[in-house]
Structure formats: structure tokens, C-alpha cells
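Residue numbers (our numbering), protein chains in the order written: chain A, 22 to 426; chain B, 6 to 276.
Treat the hints as calculated values from the structure; they're not laboratory data.
Note that the structure is predicted; figures quoted are calculated from it, not measured.
It is possible that part of the hints are untrue.
With a straight-line Cα cutoff of 27 Å, these simulated DSS-like cross-link-like pairs (lysine-lysine) come out [claimed, not checked]: (1) Lys30(B) <-> Lys170(A); (2) Lys302(A) <-> Lys330(A); (3) Lys294(A) <-> Lys382(A); (4) Lys90(B) <-> Lys49(A); (5) Lys170(A) <-> Lys211(A); (6) Lys172(A) <-> Lys211(A); (7) Lys310(A) <-> Lys382(A); (8) Lys30(B) <-> Lys147(A); (9) Lys237(A) <-> Lys223(A); (10) Lys294(A) <-> Lys349(A); (11) Lys172(A) <-> Lys30(B); (12) Lys224(A) <-> Lys211(A).
Okay, here's what each chain looks like letter by letter:
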Amino acid sequence: MLDHASVVTASGVHKQFHLPASKSDSIKHSVIQSFHKKNRESEIFRALKGVSFEVKKGEFFGVLGRNGSGKSTLLKILAGIYQADQGSVSVEGRLVPFIELGVGFRPDLSGRENVYLNGALLGFSKQQMDARYDEIVAFAELEDFMGQKLKNYSSGMKVRLAFAVATHADADILLLDEVLAVGDASFQKKCYNHFRELKKNKKTVIFVTHSMGLAKEYCDRGVLIEGGEITEQGEIEKVADAYTQLFNTAPAAKSIPSKKKKPKKRWGDKSVKIVSHSLKKTNELITFKVRLESKKLTDDYVKFGFQIKDAAGKLLMGANNLNVPGGKSLDFSSSRTIELEYEVTNILGNGTYTLSATVNKDGGTTVCDQWNAIEIVDNTRDSVHYPLVAPGKVTITSSQKGSAR
Amino acid sequence: MQQDFASRLQYARILIREFVISDFKIRYQGSVLGYAWALLRPLMMYIILYVIFFYFLKIGQGVKHWPPALMAGLVIWSFFAEVTKQGLTSIVGHGAIMRKMNFPRYTIIVAASMSALINLLINMLVVLIFMFADNVGLSWGFAVGLLYILEIFIFGIGVALILSTIYVRYRDINFIWDVVTQALFYGSAVLYPVSRISSVSLVAAQVLLLNPVANGIQSFRKYAISQDTSTIVDLSSNVIVQAGPHIITVVVFIYGVYLFSRSSPRFAEEV
Chain A
22 MLDHASVVTA SGVHKQFHLP ASKSDSIKHS VIQSFHKKNR ESEIFRALKG VSFEVKKGEF
82 FGVLGRNGSG KSTLLKILAG IYQADQGSVS VEGRLVPFIE LGVGFRPDLS GRENVYLNGA
142 LLGFSKQQMD ARYDEIVAFA ELEDFMGQKL KNYSSGMKVR LAFAVATHAD ADILLLDEVL
202 AVGDASFQKK CYNHFRELKK NKKTVIFVTH SMGLAKEYCD RGVLIEGGEI TEQGEIEKVA
262 DAYTQLFNTA PAAKSIPSKK KKPKKRWGDK SVKIVSHSLK KTNELITFKV RLESKKLTDD
322 YVKFGFQIKD AAGKLLMGAN NLNVPGGKSL DFSSSRTIEL EYEVTNILGN GTYTLSATVN
382 KDGGTTVCDQ WNAIEIVDNT RDSVHYPLVA PGKVTITSSQ KGSAR
Chain B
6 MQQDFASRLQ YARILIREFV ISDFKIRYQG SVLGYAWALL RPLMMYIILY VIFFYFLKIG
66 QGVKHWPPAL MAGLVIWSFF AEVTKQGLTS IVGHGAIMRK MNFPRYTIIV AASMSALINL
126 LINMLVVLIF MFADNVGLSW GFAVGLLYIL EIFIFGIGVA LILSTIYVRY RDINFIWDVV
186 TQALFYGSAV LYPVSRISSV SLVAAQVLLL NPVANGIQSF RKYAISQDTS TIVDLSSNVI
246 VQAGPHIITV VVFIYGVYLF SRSSPRFAEE V
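Sequences and hints are given; from them, build the entire structure.
Right, dumping it as C-alpha cells:
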């Protein structure tokens, strides 16, 4: 791969946006503002601060970063939608961006007319679209609805149509946003199959994602963008791990950096502490192992617990050393180390979750080791696996007689 | 997106075509008479103006072939007004697409002007009917008249490029242009023969005809309908003044192209 030529090169790309307190879009306003020079210069948001990287031909290149890190700005500069303030971007070949699906879709036109309009934006003439039309409609599975106006489509149908057009764009280089893969499970599968196909066919793809699972599955190399700068680049494993680390140091993604102090990631008196931990995940099970070590032999009543929260911070599940089958008290009176291994049903849907662990004693009044986001649970499912339910109970009785109805 | 000039041009052509078609379909959706409105609107305007200005105020009476001349003036004026008005708002109106795709921005302006051009062609049929009804035959002069309409088109595109660029920054221009359009309408000798002005003040008439739209309308009337009309060439012997409307057209168009191509790379983030 290294001997291939670079097809996308970004060197020292800077971009800043002026964020006036209120955008001046009347002449009166800008006349007034010109007398308040300070006010005018105050709000400058530096979205990108010197970003450089190269994408080689045939590479699946991941762009990782949290919301507001500058990913979208970078994409738009690569796509030529925004202009870089400093630095340059060079692209060799036909680059087609898919920042959003269905660009230029008009609700008052029929599905058919929108396919042609969308195709035109991708550079296809009517004749070229005629040749692709049937295939697109078949991919979208919307044969019976093409004459309907788009405003009568469900959102899922719109997305399917748009994605179908997108898959038929003959591009040398594709800019893909992970958010493209929306819709129901079977359509998602179709999208990911398409991504796999692209990879197989050695298309150059720049792939923006929040998901470590997807990044590791598809990408060869990548960059991690944080606060408008590349903080890690190279092999995707390394980049993805660096991305995971971000969640260990900051609680949640913020679009504009706040001056508020971030909550501490790990704290406690460390009289008993977590010395190692690991997480394994399959579609069915989450296995979390942790090793605790006490400073001294003690008969203190020590408790361990963990919680899994979603990106919004909502508690989804949790367990301690007592409330699951096999649970018992932690006894540090004869051994200074104790290992715990949890096996819990993976009831999580697609998404990124954080796992936090707590060691406390004295009935919870003394925190020994509180470790927020000790693990990131990056749950990527190809499709929804049933049963996606918490363990419970169901009673199914079948009638002895054949004619139960 | 595309690399070489030929494929960029091809891309622009495809885009303009689809923009025009979809605009066209949407505009007349849900109206019973549909495209007939493109004809009915100038006709109704014509009836109002004819009754008030020609019949009651007696403006234009005694001028040869005034009814078709008035109709031609109205149609050409609406064409210019439509090109500029549609162009002005079109860039901002396409903000959503511009933020997601990199395509030649001028295609939006050209597409907007194309629908005005289609309307003009259809309305020209009405002008022809008025001409025949008033015993004006079709001559080579009509072709010359069309050249002057082409000049108005180029001038209109230039104005639309400038206005749409300003509109991205300053929404005030929309209201300002409304007023200017009104003023130009009365100042373009659409409703009255230029002789009404030149008989009072020759200089005023000359200034009025420096406007490419006014001179274009008078020239169309002169060559296609009736010799009984004065253009800038008839009212001034100074070559520079005679070429004035053309110079203004070229300057406005070149400045429009310059301003637009300089500003359009940043439209996506400013709009």
C-alpha cells in the first residue's frame, strides 16, 4: 500500500469562523458594528488548526473525532465546499462527498424526478441516469412509489432512495459519513455490505465515524481530530485506541470548549484500588474483568460496582459484587487481591457507551477508587440480534388439543 | 469536483437543465391553469395599463402602432424584472445544497434566468399576435429587436450576479431593489413614448435611454414594430453617448462575473 501515490493531500489546513454575537445581515447592523470594532473581532472560532495528512490510492481512511472536533469542517474543505484560510488541499481524481443523503431533494417532486435531480448534482446527465435508473430503484426497493411525491415518503424511504443514488456515483474518491447508514436493520446491513464492497474493490474512501467498531472493521489507516488538530494518525488500531482514551479524559463531547472544570476521571483514597481491568464483548455477552488490590489486609466491608451509561449519561445497567448470581462479599482479610469477572447479557443497542467502576467502603461513605469511563463499550451490530432483551421470564403454553382457536 | 474545463462545463449544463426543469415543475404545481399564468399575467397587466394610460390618460395616442409597442415594452420589462428578482434570491435560496455540495454556483443564477427566458419566449407570441392585429408585419427588424433583448438579458444576468452576491451579506438589498425596480419601470419608457420626455428635456431623455433596458425596449419597438420611436442613437449625435447603454451592459456584466466568481467560493459558509 505504501508504494501507492497519494490521491488526497491536506497540508497545514487552517480554518476559522467568525461568530458574531448576532449575524449582521442588514446594512444598518454592519454600519453600527463597524463602530464597535472590538465586538466584531471577539468571537473567532478556530475549527481547524493546521491539519495535514495524506490518503493513498485504494485506501479506506478513517477520520475519527468527537462531535465538534472539526471533522465536518475538514470534510467540507476536502470536498471544496469551504475554502481553507491557510494551507492547501489537493485531490487527484473525481471526489464525491456524501456529507448528507439526498442533497437537493425537493419534497414537491416525485421520487423519479428527485433521482434525476440528485443524479445531476453528482454530475450525471439524463442519459446516464436513464441507464442507472432501474438499478437505483431496485436497490432502494421503491418500485411502487417512484411516481409519488417525495413529501409523501416516510423518512426511511427517503433515505433509501438517497443512498441508492449515492451508491451509483462513479467516484474515484468517496467521502462517506457514517451517519449514512440509517434506516431499519436490513437496510443498514445493505449499507455496510456496500461499504465492504467498496473496500473489496479498492476504492479510495474517506470514512468519518464515531464508532470504533466500524473504524477497525473497515479502515486501514486514519486520523484522530481533537479540538481542530490531529492528535493521532497512522494505523487504525492506534488511532482508534487514542479515540477511546478521549472518553477517559473528558466526560462528553462538546461542540464549543467550555471553561468549566471537567469532572475528575478517577479519584478516591486508593486504600483499595483497581489494578487491572478488561472488557470483552460479543453480540450476546459483555465480559468485564477487574482486579482489585487493597493496601493492607483488612476486614473493612468493601464493595465493588460498575455502571454502563449511554452517550447522554443515562444509566442503562449496572451490577455490584452482591446483586448478581454468584455474588458474595469481598474479603480482604486473608488476601490483598481479589478478581471479579462479570458476564452480563449484551442488551445494548448500537452505539457507544461508557462503563464506570466504583470501589467504596464504610457503607459507601468512603470512596476508595472511583474510575469514570474505565472502559468504552463500542457496540456495533450488523443487525439487531434477538433476543435483545434483559433476562426475564416468559411462559408459553401450548394447548394439547389441535383446535385451540 | 470535476477537473478539466470541458467536464466542468458539461457538469454545469447538466445542473442548469435539472434546476430549470424542477423549478418549472414546482412553480406551476397545484394551480388549475398551470402554465397559462405565464401568459395571463402580462395580459392582465396590459389590460389595466392600456385602459388607464392609453384610454383615459391618452398617453401614446397618435403614436403609430402603440398597442403592440406597449405590449412589447411590458413583456420585455417583466423579463428583465424576473431575471434580476429571481437571481437576487436564488443563491440564498439554494443555501442548503451549497453547504453540502461543491458545484459551480453560477448555475443557480443561470437556471433562475432560464425560466424567465422561457416566459419571455411564450410572451413573445402574444406580442406577435398584437403586432399582426395592428397590421405590423414580421420583418428582419424583428431579428434586430431580438438582439437588443439579448443585450437586456446579458445586462440582467450581470445585475443578478451582483445583487445575489450582495444579498448573501445584506438582506436589505431585496427591499432596495424592489424600489429601484419600480423607479426603473417608470423611468424605462414602458408606459409612454420617449417623445413625451424628449419634448420637455432632451438631456433627461438621453439619460433615461442610457439605461440598457430602456434603450433596449425602444430599440425593439423601433426595429420590430414602428419607426416612430426614438432610441439613444436618434437623440444624441455623440458616439460615446450612443454607445452608452452597450458600455454599461458590458461593464455591469464583467463586474458581475468578477464579483461573483471572487465571492462564490465562500457562499457556502456565509449564506
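Cross-check of the supplied hints:
no., hint, verdict
1, Lys30(B) <-> Lys170(A), "holds (12 Å)"
2, Lys302(A) <-> Lys330(A), "holds (16 Å)"
3, Lys294(A) <-> Lys382(A), "holds (12 Å)"
4, Lys90(B) <-> Lys49(A), "holds (22 Å)"
5, Lys170(A) <-> Lys211(A), "holds (25 Å)"
6, Lys172(A) <-> Lys211(A), "holds (24 Å)"
7, Lys310(A) <-> Lys382(A), "holds (20 Å)"
8, Lys30(B) <-> Lys147(A), "holds (16 Å)"
9, Lys237(A) <-> Lys223(A), "holds (17 Å)"
10, Lys294(A) <-> Lys349(A), "holds (18 Å)"
11, Lys172(A) <-> Lys30(B), "holds (15 Å)"
12, Lys224(A) <-> Lys211(A), "holds (18 Å)"
Going down the numbered hints, you'll see the structure goes against none, and every one checks out.
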